[in-house]
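To convert, note that position 229 of the sequence shown is 396 in the numbering used here; the numbers rise steadily by one, no gaps.
Bear in mind the hints are in silico, worked out from the structure with no lab data behind them. Predicted model only: the values in this text are computed from it and were never measured. Every residue, glycine too, gets a C-beta built ideally from N, C-alpha and C. Among the clues, some could well be false.
Unchecked claim - When the alpha-carbon atoms are kept at most 25 Å apart in a straight line, the in silico PhoX-like pairs for lysine-lysine are as follows:
#1 Lys331 <-> Lys302
#2 Lys302 <-> Lys365
#3 Lys233 <-> Lys191
#4 Lys302 <-> Lys337
#5 Lys203 <-> Lys216
#6 Lys248 <-> Lys233
#7 Lys216 <-> Lys191
#8 Lys191 <-> Lys277
#9 Lys191 <-> Lys220
#10 Lys380 <-> Lys406
#11 Lys216 <-> Lys248
#12 Lys380 <-> Lys331
#13 Lys218 <-> Lys236
#14 Lys337 <-> Lys404
#15 Lys277 <-> Lys203
#16 Lys203 <-> Lys236
Said to hold, decoys possible - Pair ranges (Cβ atoms, derived):
#17 Asn338 <-> Leu247: 19 to 25 Å
#18 Gly394 <-> Phe339: 15 to 21 Å
#19 Val312 <-> Phe253: 49 to 55 Å
#20 Ser313 <-> Arg241: 27 to 33 Å
#21 Ser390 <-> Ser313: 18 to 24 Å
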Amino acid sequence: MEPKEILILGLVGAYLVALAVTTKAPPHLLHRSNLKNTFIAWPASHSIKLKCKANGSTPLHYQWLKDGKPIRPRRLQPLLKTNQWFLRIRYLIPSDGGDYTCIVTNAYGKVNHTYSLYVVLRPRSRPLLHCGYPKNTTTQIQTNVSLQCIVVASSSLPDFRWIKWNTPPKNFRTNLDFTNGNFTAIDPIHYRTLKVEKGKYGVELQLNNVQEKDFGLYTCVASNHLGRDYRSAFLLKNKVKTRNEDEIRTIIPKHKTTIRITQGTDSNTIVASANKQTSELQVPFSAVIGLTAGLLSLTVGAMLWCHYNHKKKLNNQNQSWI
Numbered sequence: 168m169e170p171k172e173i174l175i176l177g178l179v180g181a182y183l184v185a186l187a188v189t190t191k192a193p194p195h196l197l198h199r200s201n202l203k204n205t206f207i208a209w210p211a212s213h214s215i216k217l218k219c220k221a222n223g224s225t226p227l228h229y230q231w232l233k234d235g236k237p238i239r240p241r242r243l244q245p246l247l248k249t250n251q252w253f254l255r256i257r258y259l260i261p262s263d264g265g266d267y268t269c270i271v272t273n274a275y276g277k278v279n280h281t282y283s284l285y286v287v288l289r290p291r292s293r294p295l296l297h298c299g300y301p302k303n304t305t306t307q308i309q310t311n312v313s314l315q316c317i318v319v320a321s322s323s324l325p326d327f328r329w330i331k332w333n334t335p336p337k338n339f340r341t342n343l344d345f346t347n348g349n350f351t352a353i354d355p356i357h358y359r360t361l362k363v364e365k366g367k368y369g370v371e372l373q374l375n376n377v378q379e380k381d382f383g384l385y386t387c388v389a390s391n392h393l394g395r396d397y398r399s400a401f402l403l404k405n406k407v408k409t410r411n412e413d414e415i416r417t418i419i420p421k422h423k424t425t426i427r428i429t430q431g432t433d434s435n436t437i438v439a440s441a442n443k444q445t446s447e448l449q450v451p452f453s454a455v456i457g458l459t460a461g462l463l464s465l466t467v468g469a470m471l472w473c474h475y476n477h478k479k480k481l482n483n484q485n486q487s488w489i
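Sequences and hints are given; from them, build the entire structure.
Laid out in structure tokens, this is it:
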């Protein structure tokens, strides 16, 4: 690049800088699409950051007001700054709720934006368990199974405990005696945290290689400093229907083989019999009629033959007499 071209580019750049400095631009807010939601509900004891970034001719001056008045220093946040493009309020309390207005000014104008902040108090309550968990579960020996327990509401992080009743109490659906009850606490090594919706908590009990002693009544107990809630479910054994001998007969007509399958507990025995044996057990009606007609024909034929022979003998005797 020649020196003349470099000089021209330098002059153009200086002109653009001077133009930007001398432009009389009032402030305007950036990211206006993010400023459409003016109402904000935020939980207590959390922190919030209200944003009000603007552009325009410098210098830009920011000021935050609450309910139209300057914001006073907070006891929980003595060094609260109200002259930046954002307002960060820490450890919200109910009295922090109100209308917060951001005002941006320069020598050529001003712009403002207002947020309505509502501080939501957490409900103070004992844990409330989901009515659908845990569920009665049926399984077989040497399988893996899990029982789930979900808290839908709690004012603080609940503590979960799983227990197994050695003898299921008669009143397990209404009231359980955790003081004198006959149960065993399950080691938390078998617990697994569940991923549930925000504000809910869940724990899963995992039982691997289930044995006969594992079947019975299980109870999930969730508690906090205000109380507890519990729900129970049975782990049941899946009874497989078995018989010492189950015969399945398959009859195939016309010179086929009838197969009888005998199933035992240790082995399967297949016994095949010829169609001759089957025909002895099942004789068609047409064969009965044919057999009856044949016997009748033989009987009539035998009678006619005897009558013929008797008549012939008589004729021979008469001839000899004459």
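Structure-based check of all given hints:
For the given pair, Lys331 sits about 14 Å from Lys302 by alpha-carbon distance, which is consistent with the 25 Å threshold. Under the criterion of a C-alpha separation no larger than 25 Å, the hint pairing Lys302 with Lys365 is consistent with the structure, at around 22 Å. At roughly 30 Å between alpha-carbon atoms, Lys233 and Lys191 are farther apart than 25 Å, so this suggested pair is violated. A distance of roughly 19 Å separates the Cα atoms of Lys302 and Lys337; the hinted pair therefore holds under the 25 Å criterion.
As the CA atoms of Lys203 and Lys216 are separated by approximately 16 Å, the hinted pair is consistent with the 25 Å bound. Distance hint between Lys248 and Lys233 is fulfilled; the C-alpha atoms sit about 13 Å from each other, no more than 25 Å. Using a Cα cut-off of 25 Å, the hinted pair Lys216 and Lys191 is violated, with the two alpha carbons roughly 30 Å apart. Simply put, Lys191 and Lys277 have alpha-carbon atoms about 12 Å apart, close enough for the 25 Å limit, and the pair holds.
For the suggested pair Lys191 and Lys220, the alpha carbons sit about 19 Å apart, so the restraint of at most 25 Å is met. Straight-line distance between C-alpha atoms of Lys380 and Lys406 comes to about 15 Å, which keeps the hinted pair within the 25 Å bound. Among the hinted pairs, Lys216 with Lys248 is consistent with the structure: their alpha-carbon atoms are about 12 Å apart, no more than 25 Å. This hinted pair checks out: Lys380 and Lys331 have alpha carbons roughly 10 Å apart, not beyond 25 Å.
Only pairs whose Cα atoms come within 25 Å are accepted, and Lys218 paired with Lys236 is accepted, the gap being roughly 18 Å. Between the alpha carbons of Lys337 and Lys404 the distance comes to roughly 20 Å, so the proposed pair stays at or under 25 Å and holds. Between the alpha carbons of Lys277 and Lys203 the distance comes to roughly 19 Å, so the proposed pair stays at or under 25 Å and holds. As the CA atoms of Lys203 and Lys236 are separated by approximately 23 Å, the hinted pair is consistent with the 25 Å bound.
At roughly 56 Å, the beta-carbon separation of Asn338 and Leu247 lies outside the given 19 to 25 Å, and the hint is violated. The hinted window of 15 to 21 Å between Gly394 and Phe339 holds, with their beta carbons roughly 19 Å apart. Between Val312 and Phe253 the C-beta distance comes to about 51 Å, which sits within the given range of 49 to 55 Å. Between Ser313 and Arg241, the C-beta spacing of about 47 Å breaks the proposed range 27 to 33 Å.
Separation of Ser390 from Ser313 is about 22 Å and conforms to the stated range, judged on CB atoms against 18 to 24 Å.
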